[in-house]
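Novice: Assemble the complex: chain Z is given as a structure, and chain E must be docked to it using the hints.
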Amino acid sequence: MAEITLKDVHLTFTLRKRGSTSIKDAILRSLTGRASPPAPTVHALRGLNLELRDGDRLGIVGHNGAGKSTLLRVLAGVYRPTAGTLRVRGRISSLFELNLGFDEDANGWENIRYRGYLLRESPRQLEQKIASIAEFSELGEALDRPIRYYSAGMLVRLAFAISTAIEPEILLVDEILAAGDLAFVEKARQRMNELMQQSSILVLVSHALKSIEQMCNKAIWMEQGQIRQSGSPEEIVAAYREYMLAKAAKNSSVAAQPQAA
Amino acid sequence: MGHVVRDYFAEVWSYRHFLTQLVRNDLQKRYRRSLLGVGWSLLQPLAMTCVLAMVYSRVLQVEFLHFAPMLLSGLAFWAWIHASCVQGCGCFLLAEAFIRQQPIPTIIFPLRVVLTSGFHFLIAFSIAILFVLITQGYFSPALLSLVPTLLLLFLFAWSLAILCAFSHVYFPDTQHLMEVGLQVLFYLTPIIYPRTLLEQNGLWFVLEFNPLALFLHLLREPLLEGTVPTLLAYAKVLLFVVPVGALAISVVARFERRLIFAM
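So the sequence lines, in the order shown, correspond to chains Z and E. The opening residue of the first sequence carries number 1 in the numbering used here; numbering runs sequentially from there. The opening residue of the second sequence carries number 262 in the numbering used here; numbering runs sequentially from there.
Certain hints may be false.
Taking beta-carbon pairs under 8 angstroms as the criterion, some of the chain E residues facing chain Z (in silico) [claimed, not checked]:
(1) Y276
(2) H278
(3) F279
(4) Q282
(5) A358
(6) R361
(7) Q362
(8) I521
Non-contacting residues of chain E with respect to chain Z, defined by C-beta distances greater than 12 angstroms in every case (computed) [what the hints assert, rightly or not]:
(9) L383
(10) L391
(11) E440
(12) Y454
(13) G506
By construction, these hints were calculated from the structure, which means they are not laboratory data. On a predicted model such as this, the values are computed, not experimentally measured, just so you know. By construction, the Cβ of each residue, glycine as well, lies at the ideal position given by its N, Cα and C atoms.
Only chain Z is shown next, with the shape it has when bound in the complex (with noise of 0.2 angstroms):
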C-alpha cells in the first residue's frame, strides 16, 4: 500500500552562499560595525495539498522555478517541510539531477552498489539483480570505468536501471529521462507501465507534455510554489499549452513592436 498526502505544506528556507561565514568575515563585520547584508529567503512551497494512492501516477508541469523539483525533494524525504504535514508510505526510489546518488570516482559497477545499498538493498537481494541492472542499462564494458566519463545519457541508462530494479513503490522522476535517446526513453517507458502493475505511485516532472499525458492519469500545474491548477492530465496539459503559447506570442509581439514603430 504506497500512499502520498501532503496538508498545506509550506517550505522556506534561507539561502547561504558556501563560505560566507568565514572568521574572517565575521571579524571584519564586528570591527567596522557593518550588518552582514540579510541572506535572501525562498518560500519554495506554499500551502500544498495533494493525496496520491496506489495506481495514481501525477504528472506535474510548469515553468522553471515554480517548484516542481523541490517538491519531487519533499515527496523523497530530502527536503523536510517547514509547516504543514507530509505523510508517505511505501518504498521511495527517485532519479533526481543525474549525478546525484553517485560516486563519479567510481566504477559503474562499485556505483551499483552505491545506490543499491542507498535503496537499502540487501547484499543478497542486490548480488541477484547486478546482472539484470546491468543488461537493462547496455553499457557493457563501459561498467569497468569510473562514471566521471559517463555522457549524460549513459548516466541516465544506470540511474534507471538501478532505481526501477529494486522494484519501489514510489517512483519519483525528474526531467532527467530526456537525457537518454529515443530507443532508451521507450524502454524506459515500457518499464514504468510494468512498474505501475504492480500498483504503485509515479511522480513525473517533465516538459515533455506528451509523455506526460502518455504516462499519467493525474496532472497538476504549478505555478509558484502553488497549485495553479489540478485535474486529468489532457486537461492540464492542454491549459498548460495554450497559456505557454499565448505567453510566447505576448513576448514576440513586445519584442516586434519597437521596430514596427
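Specialist: What follows is chain E alone, placed relative to chain Z:
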C-alpha cells in the same frame, strides 16, 4: 524521547550496507594498485617509530625495547584522532551527491571517516601489541581493559568527527583551525616523548586536562606496564567523552534537518 532515538538508530542501521560499501571502497581506493597494499598505512608510523626510538634511546637514555611500542601506540592513536577531526571536516561535502539524493541520517558520514581511520589504527596498534609480546614473551591479561578503552575512544572520535563535520559546513575555516589546533595539541600530548618528562618538569596539569593524554594513558598502561588502569583514569576520560558526546547529539538534533540548505 526514547523512541525518537531508537527510530533514529534503526534508520542508521538500515543503511549499514551502504556504510560498509563506503568504508570498503575508501580502504580499497587507498591500496589499489599499490605494491605494499595495507602496508602503506603502516609505513609512516613504523618509520617514525624506528627513527625516533633510535634517536631517543641515545639522547634520553631510554630503553629502545620499551620506547618503540610506546611511540608506535602513540602515533597510531594520534593518526586516528587527527583523521577523525580533519577528514571529518570534509565528510559532508564529499558525500553531497548522496545527501541530496536520499534522506540518509547524517551521522553515517562522520562514522565512515572514523571507521576507515580506525581500521588503520587497529593494524598499527596490533603491531605494537605483537612487538611487546615478542620482546616480553607473554600476553598480559590486562590487555582486556583495552575493550572499554577502545569503545570510549571510538565514541569520542565519532563525536569529534560529527562536531567537525557540522561546523565545517557552517564555518569553512574549521578545517584550517583544526589543523593548527591539532599541531599545537600534538606537542602538548606525550606522544613522542614519555609522560614522565612533563611530570618531572611540573607540567602535570597538561596531562590532567588534556583528554588525549588521558586516553593515551588508558591505551598504554596495559600495553607497556601490563597493568589495568584505575577506575579513576576511566572516570577522568568519561568527564570528556560524555560532554563531547552530548554536544554532538544536540548538534545533530538541532542542525541535521537544515544541513542540506547550508551546503
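Novice: Does E:G506 really sit off the interface, with its C-beta more than 12 angstroms from all C-beta atoms of chain Z?
Specialist: At about 25 angstroms from chain Z, E:G506 clears the 12 angstroms cut-off, so the statement holds.
Novice: Is the interface hint for E:R361 satisfied, with its Cβ closer than 8 angstroms to some Cβ of chain Z?
Specialist: holds (5 angstroms)
Novice: Is the hint on E:H278 kept, meaning its closest Cβ partner in chain Z is under 8 angstroms away?
Specialist: Since the shortest Cβ distance to chain Z is 4 angstroms, the answer is holds.
Novice: When you look at the beta carbon of E:E440, is every beta carbon of chain Z farther off than 12 angstroms?
Specialist: The assertion about E:E440 holds, with a minimum of 14 angstroms to chain Z.
Novice: Does the nearest C-beta of chain Z fall within a distance shorter than 8 angstroms of the C-beta of E:A358?
Specialist: holds (5 angstroms)
Novice: Less than 8 angstroms between beta-carbons is the criterion; does E:Q282 satisfy it with respect to chain Z?
Specialist: holds (5 angstroms)
Novice: May I ask you to check that E:L383 keeps its beta-carbon over 12 angstroms from the closest beta-carbon of chain Z?
Specialist: holds (23 angstroms)
Novice: Are E:Y276 and chain Z close enough, Cβ to Cβ, to be under 8 angstroms, as the hint says?
Specialist: holds (7 angstroms)
Novice: Take the shortest C-beta to C-beta distance between E:Q362 and chain Z; is it under 8 angstroms?
Specialist: holds (4 angstroms)
Novice: Is the nearest Cβ of chain Z still more than 12 angstroms from the Cβ of E:L391?
Specialist: holds (32 angstroms)
Novice: Grab the minimum C-beta distance from E:F279 to chain Z and call the hint holds if it beats 8 angstroms, violated otherwise.
Specialist: holds (4 angstroms)
Novice: The output says E:Y454 does not contact chain Z. Does that hold with a beta carbon cutoff of 12 angstroms?
Specialist: holds (32 angstroms)
Consistency note: the structure conflicts with none of the earlier hints.
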